[in-house]
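**Q** Single-letter residue listing:
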Amino acid sequence: MSLDAAPESLLAVCRLTDLVPERGAAALVDGEQVALFRMVDDEVLAVQQLDPYSGANVMSRGIVGTRGEAWTVASPMYKQVFDLRTGECLDTQGREPRRLRTWPVRCRDGVVLLARGPREG
Amino acid sequence: MPQEKDRPEEIDVQDQTPPDPADTTADRPRRLVVVGAGMVAHRLVEALLQRDTTGAFTVTVLGEEEHPPYDRVGLTSFFAGRDAEQLALGDPALWDDDRVDLVLGSRVTGLDRAARTVTTATGQVHRYDELVLATGSSAFVPPVAGADLPGVFVYRTLDDVARLQRWVRDRAEQHDRPLRGAVVGGGLLGLEAAGALQSMGVHSTVVEFAPRLMAVQVDEAGGHALQRIITRLGIEVRTSTATTAITAGPDGAVAAMTFSDGSSTDVDVVVVAAGIRPRDELARAAGLAVGPRGGLVVDDACRSEDPHVSAVGEVACIRGATLGLVAPGYTMAEILTDRLLGGQATFPGADTSTKLKLLGVDVASFGDAFAATPGALEVVYADPAAGVYKKLVLSDDAEVLLGGILVGDASAYASLRPMVGRRLGVDPAAFLLPEGAAAGPAGLELPDEAVVCSCNNVTAGAVRCAVSEQGACDLAAVKGCTRAGTSCGSCLPSVKKLMTTELEKSGLTVSRALCEHFEQTRAELFEIVRVTRLTTFSEIISRHGRGRGCDICKPVVASVLASLGGGHILAGEQAALQDTNDHVMANLQKDGSYSVVPRIPGGEVTAEGLIAIGEVARDFGLYTKITGGQRIDLFGVRLEQLPAVWRRLVAAGFESGHAYGKSLRTVKSCVGSTWCRYGVQDSVGLAVALELRYRGLRSPHKLKLGVSGCARECAEARGKDVGVIATEQGWNLYVGGNGGATPRHAQLLAADLDNDTLVRTVDRFLMYYVRTADRLQRTAAWLEELDGGLDHVREVVVEDALGIGADLEQAMAAHVDGYADEWAAVLADPEQLRKFTAFVNAPDHVDESLQYVPERGQIRPATPSERTGGAVLIAGAELEVRR
Ligand SMILES: Cc1cc2nc3c(=O)[nH]c(=O)nc-3n(C[C@H](O)[C@H](O)[C@H](O)COP(=O)(O)OP(=O)(O)OC[C@H]3O[C@@H](n4cnc5c(N)ncnc54)[C@H](O)[C@@H]3O)c2cc1C
Ligand code: SF4
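In order, the protein sequences belong to chains A and B. Residue numbering for the first sequence follows our numbering, starting at 1 and increasing by one per position. Residue numbering for the second sequence follows our numbering, starting at 1 and increasing by one per position.
It is possible that part of the hints are untrue.
What the hints assert, rightly or not - Listed next, the in silico BS3-like pairs over lysine-lysine satisfying Cα-Cα at most 27 angstroms (straight line):
#, chain 1, residue 1, chain 2, residue 2
1, B, K702, A, K79
2, B, K497, B, K357
3, A, K79, B, K590
If you are wondering where the hints come from, they were derived from the structure by calculation, not from laboratory data. Small disclaimer: the values here were computed from a predicted structure and weren't measured.
Let's have the full structure, built from the sequences with the hints guiding it.
**A** Here is the structure:
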């Protein structure tokens with residue numbers, strides 16, 4: 001299903017309707033696991049699926065929410081909270097801060113497109 | 001004396017010369033020996049170890065009883081199921097301190113002041129530099145013929161009450177009829193004992209020599225009010241009556257009592273609670289002065305005429321009197337600590353104020369309760385119908401509070417007692433009228449030096465200081481800083497009020513907000529959702545919160561909606577509120593795989609059921625383990641395998657076990673009367689019925705139940721939120737237990753219930769908890785936080801004092817009717833099944849990061865080094881996944 005949308009070096013990952021509002025889903029992008037989150041306004045945000053604290057691939061299964069203005073996800077494993085846009089850890093639960101990688105995401109004609117090549121958030 | 005350093009701890013020192021007094025100033029720690037390991041000894045040791053920062057003392061405590069110091073004041077709660085461990089005072093770590101040696105089961109029989117040694121009944125000799133007698137009192141048994149018959153008890157120690165309980169149980173088994181009992185003495189202890197007898201189903205009579213009950217604490221009108229209330233509770237009271245003889249039956253055990261008026265009554269058990277005598281025998285034998293009514297005479301520094309011998313607690317005769325209450329004993333312990341460490345503290349005089357709950361009846365007496373002050377005025381409020389009598393004693397100008405008596409409703413005690421000796425400043429009647437008594441009239445402000453906690457001598461100022469300077473911002477912190485409210489607890493309402501006022505003053509509001517999105521507590525949100533009948537998170541947060549929620553408030557709202565009958569936990573928007581366990585209805589494990597637990601009600605499972613579970617485990621290559629809740633946990637299931645696993649389990653007749661939810665987990669049971677030689681009721685049958693009734697119930701935290709078939713308690717039911725233990729007559733219901741990091745034993749809520757009453761009471765209890773507890777608060781913590789604690793819950797769920805019993809039952813009935821297996825529903829819903837995919841863009845791809853190695857014939861997750869180090873890895877089983 002991974003189609004190359006060459007002009008912008010974007011990768012079509014799935015349909016927007018494959019994602020449930022305010023929940024995450026995992027995707028495989030060039031062999032790497034990515035967590036996609038659909039917000040209430042249908043914006044889609046992408047971070048690494050690997051939870052840097054537990055080492056398990058579970059970020060997509062966390063609870064989506066807000067801290068102030070920021071959209072967040074809480075790790076389902078040890079509850080660290082991350083900014084979904086920047087990847088920054090907002091609540092380290094007493095551990096040293098670690099970030100999540102983020103990917104720019106576009107939505108076109110109901111298709112979710114991920115910019116290739118991970119970028120540090 | 002360097003040569004003494006090598007001396008063993010305990011030796012025969014008979015031939016040694018007395019230690020040189022100068023020795024006490026030498027550098028080595030001084031030896032403090034405390035005789036008696038009761039309440040006051042405990043306080044002394046606790047205070048001394050805390051304040052002796054230079055290591056001036058080593059302490060040896062010699063206690064005759066087999067138990068470490070326990071809460072004697074709370075002795076009667078033994079009959080409500082509190083055992084020695086739960087009654088133990090303070091932090092048990094105290095006895096691990098290197099500086100202290102607690103020797104139990106060790107009675108001191110000799111004191112040699114010249115040699116400065118004490119000798120125990122077993123011949124051990126302990127040398128002391130300083131000796132403290134904290135031997136308390138013994139029960140006084142009047143010289144009545146037959147007072148030593150089997151079946152006659154005193155009421156002072158844990159062993160006394162354990163013996164009494166055993167006797168009543170054995171007799172009840174022998175005679176197939178309700179037992180009759182009598183209590184000699186109508187004072188505080190007598191009424192405590194009468195309550196204990198009543199709680200064991202013994203029909204009893206209280207016999208008091210004086211013309212009224214509790215003659216020491218209350219006046220005539222108060223005594224009569226008390227008698228009326230107690231008679232109404234089914235206890236017979238005979239005042240102005242002396243017991244002339246106790247007589248035995250054919251088996252040699254107590255059978256009857258005769259009284260001064262010539263009448264007699266049949267009895268199966270007698271408790272003598274006719275007063276106490278100080279245990280001053282050591283002091284007497286050592287030639288030390290004792291008071292006119294006993295007790296080692298001490299000065300205001302708690303020192304006897306021998307400068308190396310002190311006394312504290314009930315054995316001390318201070319200012320010419322012995323004191324039978326714990327608070328003055330604690331004051332003495334504090335004073336002696338200060339003196340031992342070189343301070344100058346002196347005994348300030350005893351506060352003999354008391355507040356008690358006897359048989360559920362409040363009785364309080366404080367200050368000049370009998371209006372002995374010349375010119376004193378009395379203001380009385382009495383409502384005989386309601387069983388209330390209250391009296392305030394005021395100075396001749398009616399301005400200064402001198403004392404008072406409260407019977408039937410002592411809620412004003414906490415605000416009144418600290419005002420003794422002060423101008424009230426408000427109309428005294430305001431304290432006596434039913435409304436507003438507890439909080440005290442508005443505008444009443446305690447001066448800093450007013451003592452709020454008399455057990456621990458904590459002033460209002462100390463509480464304020466704990467809040468403003470030491471940063472305490474909840475009741476637990478204030479208790480920790482000041483010790484206020486850590487003994488009898490009667491001052492807690494005042495302490496709480498002082499704390500809240502102080503917090504508000506310093507601009508801190510007591511934040512009980514759930515998270516940044518909701519100002520409310522879970523209980524408040526529950527009420528809002530219940531009343532407004534809102535059904536979606538979006539509506540709830542937009543009307544009553546802000547933002548879009550988080551991992552704290554979303555699951556709370558989901559739980560509230562589920563408890564209020566919101567349909568399937570994953571229906572519509574609710575799916576987005578659940579944490580991953582509830583979302584995929586399995587338990588997330590450390591590597592990102594899940595475990596699955598099918599429900600096995602009551603732990604009862606057929607051979608076919610076991611085979612079906614075994615086959616699923618084998619076919620999917622899962623690790624299996626038996627849980628503590630008597631069921632089977634299957635580990636290593638990948639997200640996308642969950643529906644296939646459950647299709648097989650559902651086909652074999654299993655349902656979701658809700659191991660993933662903040663909800664009912666299991667009802668553990670023993671095999672009960674069906675198989676067990678000792679069982680008296682069908683514990684498995686009841687456990688299965690309860691588990692089927694409450695399965696799926698969402699709650700503030702996980703809920704565990706247990707049912708045992710007899711008092712041997714093999715199901716460990718008292719370690720559960722709700723524990724049921726079979727009795728000959730029915731079931732005893734315990735609540736508020738848990739295991740885990742802070743284990744708690746459940747406490748008795750109601751006794752000898754039949755099946756219907758039991759279920760109705762559990763219905764109400766669970767629903768009341770679901771409605772009012774905080775997020776992630778187990779029942780034990782909830783009971784502890786709740787104003788009024790277990791008594792309050794008993795009033796609500798057993799006595800229906802709030803009139804919400806029917807409502808709670810109805811809510812539970814709605815839950816029972818609305819129950820459907822969550823997994824069966826998901827399997828039937830293609831929309832729900834979509835989320836069980838490893839990758840949205842590669843549904844057939846297996847997550848390769850999940851890797852396992854064999855161990856003891858099963859799988860376990862590979863460690864990081866095993867992954868990179870080329871160990872033999874097992875990929876997850878490739879069973880075909882049907883969609
Ligand atoms: C049922 C009951 C209810 C009560 N209710 C209240 C109440 O509501 N409010 C209140 O203020 N007070 C109450 N009291 C009284 C309170 O318990 C006592 O005032 C308090 O325990 C006194 O403490 P103590 O350390 O002086 O004596 P204790 O607690 O009696 O301790 C003395 C210890 O010394 C041991 N001992 C004695 N002689 C020796 C020896 N020779 N060698 C070694 N050990 C020895 C004893 O075995 C005992 O364990 C109640 C008492 C009872 C029994
Ligand atoms: S609690 Fe009683 S009935 Fe149950 S197994 Fe133990 S002894 Fe038997």
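**Q** Taking the hints in turn, state whether each one holds.
**A** Hints, verified against the model:
Annotation: proposed proximity of K702 (chain B) to K79 (chain A) holds, straight-line Cα distance about 19 angstroms (limit 27 angstroms). Between K497 (chain B) and K357 (chain B), the direct Cα distance comes to roughly 22 angstroms. Compliance with the 27 angstroms bound is thereby established for this hinted pair. For a cut-off of 27 angstroms, the pair hint linking K79 (chain A) to K590 (chain B) stands: about 13 angstroms separates their Cα positions.
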